[in-house]
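Q: Residues are numbered in this note's numbering as their position in the sequence shown, beginning at 1, plus a constant of 91.
Hints in this document: simulated from the structure, not taken from any laboratory. Computed from a predicted structure; not experimentally measured. Be aware that one or more of the hints could be misleading.
To be verified - Quick list of the computed label-pair ranges, beta carbon to beta carbon: (1) E244 x V181: 39 to 49 Å; (2) D151 x D219: 14 to 24 Å; (3) I267 x P218: 11 to 21 Å; (4) D179 x S135: 18 to 28 Å; (5) E136 x V181: 17 to 27 Å; (6) E210 x T190: 11 to 21 Å; (7) V121 x K236: 17 to 27 Å; (8) E131 x G211: 17 to 27 Å; (9) R216 x D183: 19 to 29 Å; (10) N119 x Q192: 13 to 23 Å; (11) W162 x I188: 11 to 21 Å.
C-beta atoms are modelled at their ideal positions from N, C-alpha and C, and glycine is treated no differently.
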Amino acid sequence: MRTSIALSISILILASTVVSAAGGGGENQVTDIQNSDISEVTFSEVFYGNQDFDISVRLDDDSNISSIQIWTQICVNSGLCYPPNPQDMVKDNATGIWTAQVDPIDDQTYVNWYFDLIEGENNTRIPDTGWGWKVWSDCWFDSEKWGGENYNEDGGICGEIENTPSLGIIGITMSILIAAAVIHRR
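With the hints as constraints, model all of the structure from the sequences given.
A: Shown next, in the form of structure tokens:
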């Protein structure tokens, strides 16, 4: 019995750290591009639920990068993050600016991304690890509170989305693990 209680408490502690690892709700993140071939990254400050999200990259003038691949990931208000989606950025030869679009989905919380800069056989990831950029949507839930410019505190509605997120994949997984631990010990 003591083992199952200890296991249950351990799983709950793990679950709380996983959820809190999401970071501060509504705080966009950018990575330092100093000492890279990138001179500028531009994007909107809000990921609107009804329009494409454009990301543009300008490289240093002396850069020999031949292509850029961007890896994007969209997370939704239920706590689920979809698998990373790679796409090749398109270069405008007249301006030298590389662009990519991220299509919005229902109930989006934020979009993360990082870049792979390709120069011949060399591939440089910006940043080296993790997601370098994060932009929150116009109506988001961060497992603790709601926010965004399209969030209506009075009606509890984000556009057409009601403020009742599902338990989420993490919560379901943790609940199943706790139940299994308790049942197994009986």
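Q: Each of the hints needs a verdict: does it hold here or not?
A: Hint-by-hint comparison with the structure:
1. E244 x V181: 39 to 49 Å: Hint holds: Cβ distance 40 Å, inside 39 to 49 Å.
2. D151 x D219: 14 to 24 Å: At 18 Å between Cβs, range holds.
3. I267 x P218: 11 to 21 Å: 34 Å, violated
4. D179 x S135: 18 to 28 Å: 21 Å, holds
5. E136 x V181: 17 to 27 Å: 23 Å, holds
6. E210 x T190: 11 to 21 Å: With Cβ atoms ~19 Å apart, the hint holds.
7. V121 x K236: 17 to 27 Å: Because 23 Å falls inside the window, the suggested range holds.
8. E131 x G211: 17 to 27 Å: About 23 Å separates the Cβ atoms of E131 and G211, which means 17 to 27 Å holds.
9. R216 x D183: 19 to 29 Å: Holds, since R216 and D183 (Cβ atoms, about 23 Å apart) stay within the stated range.
10. N119 x Q192: 13 to 23 Å: Holds, since N119 and Q192 (Cβ atoms, about 18 Å apart) stay within the stated range.
11. W162 x I188: 11 to 21 Å: Holds: the Cβ-Cβ distance is about 19 Å, inside 11 to 21 Å.
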